[in-house]
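Dock chain B against chain A, hints included.
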Amino acid sequence: MVVLRAGLCPGLTEEMIQLLRANSIQTVVDFVSSDLEDIAQKCSLSYKALVAVRRVLLAQFSAFPANGADLYEEIKSSTAILPTGSPSLDQLLDSGLYTGEVTELMGAPGSGKTQVCLGIAATVSLSLKQHILFLDSTGGFTASRLHQMLRAEEEEEQLEALQRIQVVRVFDIYEMLRALQELRERLCQQVVSSMEPLKIVVIDSVSAVIYPLLGGKQSEGLAIMMQLARELKTLAREFSLAVVVTNQVTRDSSTGPPKPALGRSWSFVPSTRVLLASKEVTLEKATTQRIASLAKSPRQAVGIQVELDIGSGDVTPTERL
Amino acid sequence: MQRDVGSLPLAPALRARLFTAGFQTVQELLETGPCGLSREIGISKEEALELLQVVRQECHGDVARTAAGSGASRKCTALELLEEEQAQGFIITFCSALDNILGGGVQLTKITEVCGAPGVGKTQLCMQLAVDVQIPECFGGVAGEAVFIDTEGSFIVDRVADIAAACVQHCHLIAEAHQEEDHLKALETFSVESILSHIYYFRCRDYIELLAQVYLLPDFLSEHSKVRLVVVDGIAFPFRHDFEDLSLRTRLLNGLAQQLIIIANDHKSAVVLTNQMTTRIGQSQSTLVPALGESWGHAATVRLIFHWDNSQRLATLYKSPSQKESTIPYHITSHGFRDVQPPAVTHSAEGAEMNPRKRPRREEEK
Numbered sequence: 001m002v003v004l005r006a007g008l009c010p011g012l013t014e015e016m017i018q019l020l021r022a023n024s025i026q027t028v029v030d031f032v033s034s035d036l037e038d039i040a041q042k043c044s045l046s047y048k049a050l051v052a053v054r055r056v057l058l059a060q061f062s063a064f065p066a067n068g069a070d071l072y073e074e075i076k077s078s079t080a081i082l083p084t085g086s087p088s089l090d091q092l093l094d095s096g097l098y099t100g101e102v103t104e105l106m107g108a109p110g111s112g113k114t115q116v117c118l119g120i121a122a123t124v125s126l127s128l129k130q131h132i133l134f135l136d137s138t139g140g141f142t143a144s145r146l147h148q149m150l151r152a153e154e155e156e157e158q159l160e161a162l163q164r165i166q167v168v169r170v171f172d173i174y175e176m177l178r179a180l181q182e183l184r185e186r187l188c189q190q191v192v193s194s195m196e197p198l199k200i201v202v203i204d205s206v207s208a209v210i211y212p213l214l215g216g217k218q219s220e221g222l223a224i225m226m227q228l229a230r231e232l233k234t235l236a237r238e239f240s241l242a243v244v245v246t247n248q249v250t251r252d253s254s255t256g257p258p259k260p261a262l263g264r265s266w267s268f269v270p271s272t273r274v275l276l277a278s279k280e281v282t283l284e285k286a287t288t289q290r291i292a293s294l295a296k297s298p299r300q301a302v303g304i305q306v307e308l309d310i311g312s313g314d315v316t317p318t319e320r321l
Numbered sequence: 001m002q003r004d005v006g007s008l009p010l011a012p013a014l015r016a017r018l019f020t021a022g023f024q025t026v027q028e029l030l031e032t033g034p035c036g037l038s039r040e041i042g043i044s045k046e047e048a049l050e051l052l053q054v055v056r057q058e059c060h061g062d063v064a065r066t067a068a069g070s071g072a073s074r075k076c077t078a079l080e081l082l083e084e085e086q087a088q089g090f091i092i093t094f095c096s097a098l099d100n101i102l103g104g105g106v107q108l109t110k111i112t113e114v115c116g117a118p119g120v121g122k123t124q125l126c127m128q129l130a131v132d133v134q135i136p137e138c139f140g141g142v143a144g145e146a147v148f149i150d151t152e153g154s155f156i157v158d159r160v161a162d163i164a165a166a167c168v169q170h171c172h173l174i175a176e177a178h179q180e181e182d183h184l185k186a187l188e189t190f191s192v193e194s195i196l197s198h199i200y201y202f203r204c205r206d207y208i209e210l211l212a213q214v215y216l217l218p219d220f221l222s223e224h225s226k227v228r229l230v231v232v233d234g235i236a237f238p239f240r241h242d243f244e245d246l247s248l249r250t251r252l253l254n255g256l257a258q259q260l261i262i263i264a265n266d267h268k269s270a271v272v273l274t275n276q277m278t279t280r281i282g283q284s285q286s287t288l289v290p291a292l293g294e295s296w297g298h299a300a301t302v303r304l305i306f307h308w309d310n311s312q313r314l315a316t317l318y319k320s321p322s323q324k325e326s327t328i329p330y331h332i333t334s335h336g337f338r339d340v341q342p343p344a345v346t347h348s349a350e351g352a353e354m355n356p357r358k359r360p361r362r363e364e365e366k
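These protein sequence lines are chains A and B, in that order.
Residue 241 in UniProt numbering sits at position 241 of the first sequence, with consecutive numbering throughout.
Residue 118 in UniProt numbering sits at position 118 of the second sequence, with consecutive numbering throughout.
Here chain A stands alone, though its shape is the one from the complex:
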């Protein structure tokens, strides 16, 4: 719904806009969908000029169709698969995190979501030598744990790997949107200067900033959530990034099965969803074993389960794919 403004295209002058507005044509869509002969008569404008303006507006604002073969070629050349640092998780995700897609990790508190995110950050930074953006909204990012994961490497490599991980603390939905906007601007410039390669964005967690807005009689929360969803998906597609988000789980009743939080609207955003759960539910037996099951995937069968150990988390060369 772009408003018609002078200078939007050559030939669209201020008086033209005033005349059009007098006939209740305010936006590009109104203009393009109306009958030009009719307008030419009512506004006493030249028909040729209107046709020329319409052609330019259509070229500027309509989407380009692309055929499947071109799309396939483009995806083949721009998609990368990033390892998560844990071979069993990679197997679950069909060999890793795909760029251009949003992957979601969900689980109850203490199920290991932050640990898996830290493991991903450590692996991508160390073995692929790429930059990572980590948006932390829960305060759970602990650099010393990351350091512990990298302790098998030499000092030099550890420091370099840590420097490639950039952490932004956002505790509010608007700050998160602002951080994503800054990322977008940085990536636009990067395309020109081609400096540091950024291929992955980790957001821990997305439900912490959206939960305070959802529910009740206001629908504002839903609108903002969809804004965030759109931003994440367009970032992933346009710049070929792998976006990893973490989410909570809720239950319908106290004994029902866990289902992902944020509702049905959010469930369309990630293309892949992994549920993390602990093996034991008692307090006495403490364990670092977790079970990861695939809840949604465009490539694999749903319901596959693998076991993860979030305790060791050492990133060693043998774990790279």
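Among the hints, a few may not be true.
Cβ-Cβ distance ranges computed for the label pairs, FRET-style [what the hints assert, rightly or not]:
{"#": "1", "chain 1": "A", "residue 1": "R264", "chain 2": "B", "residue 2": "S286", "range": "27 to 37 Å"}
{"#": "2", "chain 1": "B", "residue 1": "A13", "chain 2": "A", "residue 2": "R5", "range": "41 to 51 Å"}
{"#": "3", "chain 1": "A", "residue 1": "Q18", "chain 2": "B", "residue 2": "R56", "range": "25 to 35 Å"}
{"#": "4", "chain 1": "B", "residue 1": "S286", "chain 2": "A", "residue 2": "Q130", "range": "41 to 51 Å"}
{"#": "5", "chain 1": "A", "residue 1": "V302", "chain 2": "B", "residue 2": "G42", "range": "46 to 56 Å"}
{"#": "6", "chain 1": "B", "residue 1": "R280", "chain 2": "A", "residue 2": "I291", "range": "41 to 51 Å"}
Computed list of lysine to any residue pairs in SDA-like fashion (alpha-carbon distance at most 25 Å, straight line) [unchecked claim]:
{"#": "7", "chain 1": "A", "residue 1": "K199", "chain 2": "A", "residue 2": "E160"}
{"#": "8", "chain 1": "A", "residue 1": "K279", "chain 2": "A", "residue 2": "Q300"}
{"#": "9", "chain 1": "B", "residue 1": "K45", "chain 2": "A", "residue 2": "E14"}
{"#": "10", "chain 1": "B", "residue 1": "K45", "chain 2": "A", "residue 2": "E155"}
{"#": "11", "chain 1": "B", "residue 1": "K45", "chain 2": "A", "residue 2": "V3"}
{"#": "12", "chain 1": "A", "residue 1": "K259", "chain 2": "A", "residue 2": "A277"}
{"#": "13", "chain 1": "B", "residue 1": "K324", "chain 2": "B", "residue 2": "R338"}
{"#": "14", "chain 1": "A", "residue 1": "K259", "chain 2": "A", "residue 2": "Q91"}
{"#": "15", "chain 1": "B", "residue 1": "K324", "chain 2": "A", "residue 2": "A229"}
{"#": "16", "chain 1": "B", "residue 1": "K268", "chain 2": "A", "residue 2": "S144"}
{"#": "17", "chain 1": "A", "residue 1": "K279", "chain 2": "B", "residue 2": "T278"}
{"#": "18", "chain 1": "A", "residue 1": "K199", "chain 2": "A", "residue 2": "Q300"}
{"#": "19", "chain 1": "A", "residue 1": "K199", "chain 2": "A", "residue 2": "L71"}
{"#": "20", "chain 1": "A", "residue 1": "K129", "chain 2": "B", "residue 2": "K75"}
{"#": "21", "chain 1": "A", "residue 1": "K76", "chain 2": "A", "residue 2": "T27"}
{"#": "22", "chain 1": "A", "residue 1": "K233", "chain 2": "B", "residue 2": "Q27"}
{"#": "23", "chain 1": "B", "residue 1": "K75", "chain 2": "A", "residue 2": "L71"}
{"#": "24", "chain 1": "A", "residue 1": "K199", "chain 2": "B", "residue 2": "L79"}
{"#": "25", "chain 1": "B", "residue 1": "K324", "chain 2": "A", "residue 2": "A152"}
{"#": "26", "chain 1": "A", "residue 1": "K296", "chain 2": "B", "residue 2": "E294"}
{"#": "27", "chain 1": "A", "residue 1": "K76", "chain 2": "A", "residue 2": "A277"}
{"#": "28", "chain 1": "B", "residue 1": "K75", "chain 2": "A", "residue 2": "A229"}
{"#": "29", "chain 1": "B", "residue 1": "K75", "chain 2": "A", "residue 2": "V170"}
{"#": "30", "chain 1": "A", "residue 1": "K279", "chain 2": "A", "residue 2": "P87"}
Which stretches of chain B does chain A cover? Using the computed rule of at least three CB atoms under 8 Å from a CB of chain A, they are [stated by the list, open to error]:
{"#": "31", "stretch": "77-87"}
{"#": "32", "stretch": "254-266"}
Simulated from the structure, these hints should not be mistaken for lab results.
Built from N, CA and C at the ideal position, the CB exists for glycine as well.
Then chain B, alone, in the frame of chain A:
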């Protein structure tokens, strides 16, 4: 600045008007100017000016924040964070086993939640921490002040005085053993009176007062910049009774959690919350789980669960970003929160196998 208008923090009615008028990006808003805006949307010129101010603030927000230098800059690399974390102190609890499983003590800039059944020692731990945060740096403390927000009314000043006296005594013993200049100098200002005068106590009777207090806390903390600990004793109590609308409760709790994380992060202080336990009834058995629901479990970064095993008190680290899950026994004496004393003093982390030869429970004074 191609930022979408929908992502700005504006009032819903205003946003709806902007959309119907056809504005999509921030660039268009800035180009139109206040007069054009007020004409197109139908708001007054002052409102248009305010709107543009908000927009400009959002877009240049980061620059303004670093220029003003308020709080810590929120963007940094993992390496810088590591250096920060290693330089940060911990708030010790005087129970070395608990400090060990927490990785050194209660961490600053994180929210720690302590859950437990009644009488297991949550308020005791809070009072101990309020005293321990004031230990001078030469003795291994963080030399900060404490804010104690009480919703249950379980804060007893006499008990805090006892704990403080024991702590001062302990520091005196260390100073005598080491005989260093700065130890003796620090001890001059470290006394029971000074400890008590640096605990700021707030009493909140219902959830509205609690929310108001937490929202007003940043102003208080910017005046009292030495505060390193915020304790909310009983975050479950005001939210558990008298709440018909459960979704409102979830929203309020999550908003509260985010506010507390912002406080913990910006003022470099530790936030400690205490929670109650509730029963989850399963198919064949029932288990004790922390109250306030599943979504609250994500609010705290570190979660400790205190429970009983016959007559021994145990603490389990249930959730932590950097430490493994483990369980240790602890003990509450007249001096405060302490380790379980074995015959030979050892520093083992998993002390669950130790047979404590200690005074039996009925002799404890609370």
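In rising order, the numbers of the hints this structure does not comply with: 2, 6, 10, 15, 21, 23 and 27
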